[in-house]
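We have chain H already, so just place chain C on it with the hints.
These protein sequence lines are chains H and C, in that order.
Counting in this note's numbering, the first sequence runs from 1 upward without gaps.
Counting in this note's numbering, the second sequence runs from 1001 upward without gaps.
Don't read these hints as lab results, they were simulated from the structure.
All values reported here derive from a predicted model rather than from experimental measurement.
Quick reminder that beta carbons are idealized off the backbone N, C-alpha and C, glycines included.
Just so you know, not all the hints are guaranteed correct.
Each computed EDC-like pair below joins lysine to aspartate or glutamate, with the alpha-carbon atoms no more than 16 Å apart [what the hints assert, rightly or not]:
| # | chain 1 | residue 1 | chain 2 | residue 2 |
| --- | --- | --- | --- | --- |
| 1 | H | Lys410 | C | Asp1014 |
| 2 | H | Lys169 | H | Asp456 |
| 3 | H | Lys144 | H | Glu65 |
| 4 | H | Lys410 | C | Asp1017 |
Label pairs and their computed distance ranges (CB to CB) [what the hints assert, rightly or not]:
| # | chain 1 | residue 1 | chain 2 | residue 2 | range |
| --- | --- | --- | --- | --- | --- |
| 5 | H | Leu101 | C | Leu1015 | 48 to 56 Å |
| 6 | H | His253 | C | Asp1017 | 31 to 39 Å |
| 7 | C | His1083 | H | Thr541 | 47 to 55 Å |
| 8 | C | Asp1014 | H | Ser64 | 36 to 44 Å |
| 9 | H | Thr471 | C | Leu1018 | 46 to 54 Å |
| 10 | H | Gly75 | C | Asp1014 | 48 to 56 Å |
| 11 | C | His1083 | H | Glu337 | 49 to 57 Å |
| 12 | C | Ile1076 | H | Leu244 | 26 to 34 Å |
| 13 | H | Leu244 | C | Gly1028 | 31 to 39 Å |
| 14 | C | Gln1027 | H | Arg163 | 46 to 54 Å |
| 15 | C | Asp1017 | H | Ser64 | 51 to 59 Å |
| 16 | C | His1077 | H | Thr471 | 18 to 26 Å |
| 17 | H | Asp210 | C | His1077 | 21 to 29 Å |
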Amino acid sequence: MGPENTLGFVCGLLTGTQALGGSRFSVVCKSPLTGTWGDSSCGGNFGPYLRFAGYDAVFFTGSSEKPVYLLIDNGKTEIRDAAHLWGKDTHETEDIIRRELGREAEVACIGPSGEKVSLIAAVMTDKGRAAGRSGVGAVMGSKKLKAVVVKGSMKVPVMDADRLSRLRKDYRPQLHGLYELFHNTGTPGVVVPFARIGDAPVKNWNGVCDIDFPEIENLGLDAVMSRVERKYGCYRCVVACGALMKESTGEYHYGPGVHRPEYETISMFGTNCLNDNIESIIKVNDICNRYGLDTISAGACISFAIDLYENRVITKEDTGGIEMTWGNHRSIVTMLEKLANREGFGDILADGTRAAARKIGRNAEDYTIHYHGQEPPAHNPKLQYGFASCYRMDATPARHTRWHAEFVPKGVAVPDFALDAWTGRGEAQKVNVVFNHAVESFGVCLFVLASYPHVDALLSFLKAATGWDITVEEVLKTGERIGTLRHLFNLREGFNPLTYSISGRLTGNPPMKEGPLAGIAVDEGTLDREFLQAMDWDLKTTEPSREKLHYLGLDELV
Amino acid sequence: MVHCKVDFLGLRGDLADLESVEVDLNQGADLGDLIAELKRKIPALEGIAFVSGENKLMGHYVFAINGRFHMNDSGIHIQNSDHILLLILVGGG
Chain H
1 MGPENTLGFV
11 CGLLTGTQAL
21 GGSRFSVVCK
31 SPLTGTWGDS
41 SCGGNFGPYL
51 RFAGYDAVFF
61 TGSSEKPVYL
71 LIDNGKTEIR
81 DAAHLWGKDT
91 HETEDIIRRE
101 LGREAEVACI
111 GPSGEKVSLI
121 AAVMTDKGRA
131 AGRSGVGAVM
141 GSKKLKAVVV
151 KGSMKVPVMD
161 ADRLSRLRKD
171 YRPQLHGLYE
181 LFHNTGTPGV
191 VVPFARIGDA
201 PVKNWNGVCD
211 IDFPEIENLG
221 LDAVMSRVER
231 KYGCYRCVVA
241 CGALMKESTG
251 EYHYGPGVHR
261 PEYETISMFG
271 TNCLNDNIES
281 IIKVNDICNR
291 YGLDTISAGA
301 CISFAIDLYE
311 NRVITKEDTG
321 GIEMTWGNHR
331 SIVTMLEKLA
341 NREGFGDILA
351 DGTRAAARKI
361 GRNAEDYTIH
371 YHGQEPPAHN
381 PKLQYGFASC
391 YRMDATPARH
401 TRWHAEFVPK
411 GVAVPDFALD
421 AWTGRGEAQK
431 VNVVFNHAVE
441 SFGVCLFVLA
451 SYPHVDALLS
461 FLKAATGWDI
471 TVEEVLKTGE
481 RIGTLRHLFN
491 LREGFNPLTY
501 SISGRLTGNP
511 PMKEGPLAGI
521 AVDEGTLDRE
531 FLQAMDWDLK
541 TTEPSREKLH
551 YLGLDELV
Chain C
1001 MVHCKVDFLG
1011 LRGDLADLES
1021 VEVDLNQGAD
1031 LGDLIAELKR
1041 KIPALEGIAF
1051 VSGENKLMGH
1061 YVFAINGRFH
1071 MNDSGIHIQN
1081 SDHILLLILV
1091 GGG
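One chain only, chain H, in its complex shape:
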């Protein structure tokens, strides 16, 4: 962290255009959490409005002595004093900025957690859309950069705007697959089935849903949807998978209009903590959104703390009297508030589980669940072998948005593989991974992509926007180039993903004795070897071959 780290806000080719799902931007940096390449994708309205303000991307180097924010107003840029915003949560920050600059201002900002340089801090937008991973919020806070504010009425320059409009109208009624599910209910509906098949973590990744968490039905879809006030969608999104909640009625206070917690948050603060109190989960989601925290890592820190407490590695003396017991939703909320404010034991947790374990000692490391410092999302690598591969191999460790077998639309030839076999997956893994790299660079939301009838829709949007008559092969090659460049960054920084140590709970070492994943141990050797072979990266050093770099046009990096 500090002035040498470059922080970027980057839009994709289709961000802010008429392309279905063109709403996304990424925040990029060297991750202070893992030391590796860092990036995190985010939706909302900020990305499109950065382009309407006249910029595809903005990068920050150096750091300020005093809190500042950047204003981009129709091409004009100004660094402004943010002293009056420092200390404010993300909701307050957006409200103040809009009062000062107009309701049309879009804001990407950090909350107090980013200001306090928590390594699991997020960059927030729209009061509930997050660039949550890689600790990007900490980098922003280390630069004393409170917010990036964009106002704009420019049009994104595209090759053929009329054709883009026609394509949008033509493809809109053809959206299928997961469209209905995401549109109607978002992702909370998958919590119960995913937990029961072993995908969502239970009891700090050490439990079995049907045995340890019979109360899981209290986290079912109806419990969430009955509390929804209205839908929420990112910029012009027709899927609109989000929602805003009604005001609380129970013991936890939150106002009307807070964002609905989604699958990851409900799993990490719910199933993983054996917590079946849905209002407490709505509350912790709101805390994370206001303070600017990654809900995946924050939830993992809480379940880690509970596991330590239940196993007497830490006591009430450590926790300041808070009884960190399984399912104790009051303690979960209280400790998260401590974490968000860096108070007491919360200060120890605020930099993620790996850093916390190092500070605690006492074999706390045995209870951490992370990939090289990054806590994994709520998808079990023992069940979905594609995650076992990309959690380790992606340049941002524990990255789950690289393996979406069903999100790759028709027309992309994915080699067949057996779901329950460790071998024979390398080529399919490669196609999935590089395709997702490319899609992310286009600024298209994966949930919308999952609803595309065919990859031709994506290619058509790209051609209309850029004039580039791109083929599927070129998309895959572009994605491969992106993935390789990210990986080369890590190699330069001295990181070889084969050397990361991974918690045995994630790899089945030892295997679980009960439940749907009993007896399963991840065959990492086979997965890693076949992926490296498919990518033409060295099996020990993971360096891409000279031939591969030449193929990708990266000869200067040999």
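Just chain C, lined up with the frame of chain H:
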């Protein structure tokens, strides 16, 4: 009789191009009846999405009916014009 359409998502291999099929079921049909009819219409689903010899979903598969997930022990009864999606539970978000 109940008439509805079943869409497919995430099927692999020879079933990868399978997009949808229309089915007719008796009134009050449950998931087991639905699976039996799908097996009859598309025998290749047996052993892939459905347990061989049983009218049950295999581990990774689930039905999304009108946007809600249903697994083997769901007590749901299929209604006319239900929108049914058979999909594989992989991926995340």
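Okay, the hints, checked on the actual structure:
For the hint linking H:Lys410 to C:Asp1014, the alpha-carbon distance of about 14 Å falls within 16 Å, and the restraint holds. The hinted pair formed by H:Lys169 and H:Asp456 meets the criterion: a straight-line CA distance of about 15 Å does not exceed 16 Å. The straight-line distance between the Cα atoms of H:Lys144 and H:Glu65 is roughly 7 Å, inside the 16 Å bound, and the hint therefore holds. The suggested pairing of H:Lys410 with C:Asp1017 holds, with an alpha-carbon distance near 8 Å, which does not exceed 16 Å.
Between H:Leu101 and C:Leu1015 the C-beta distance comes to about 54 Å, which sits within the given range of 48 to 56 Å. For H:His253 paired with C:Asp1017, a C-beta distance near 52 Å fails the hint of 31 to 39 Å. The supplied range of 47 to 55 Å is met by C:His1083 and H:Thr541, whose beta-carbon atoms lie about 50 Å from each other. Separation of C:Asp1014 from H:Ser64 is about 60 Å and departs from the stated range, judged on CB atoms against 36 to 44 Å.
For H:Thr471 paired with C:Leu1018, a C-beta distance near 25 Å fails the hint of 46 to 54 Å. Restraint check, H:Gly75 to C:Asp1014: a C-beta distance of roughly 54 Å satisfies the suggested window 48 to 56 Å. At roughly 42 Å, the beta-carbon separation of C:His1083 and H:Glu337 lies outside the given 49 to 57 Å, and the hint is violated. Our hint of 26 to 34 Å for C:Ile1076 and H:Leu244 holds, since their Cβ atoms are close to 29 Å apart.
Between H:Leu244 and C:Gly1028 the beta carbons are some 38 Å apart, a value that agrees with the proposed interval 31 to 39 Å. At roughly 48 Å, the beta-carbon separation of C:Gln1027 and H:Arg163 lies within the given 46 to 54 Å, and the hint holds. The supplied range of 51 to 59 Å is met by C:Asp1017 and H:Ser64, whose beta-carbon atoms lie about 56 Å from each other. The given range of 18 to 26 Å is broken by C:His1077 and H:Thr471, whose C-beta atoms sit roughly 47 Å from each other.
Separated by about 24 Å at the C-beta atoms, H:Asp210 and C:His1077 satisfy the suggested range of 21 to 29 Å.
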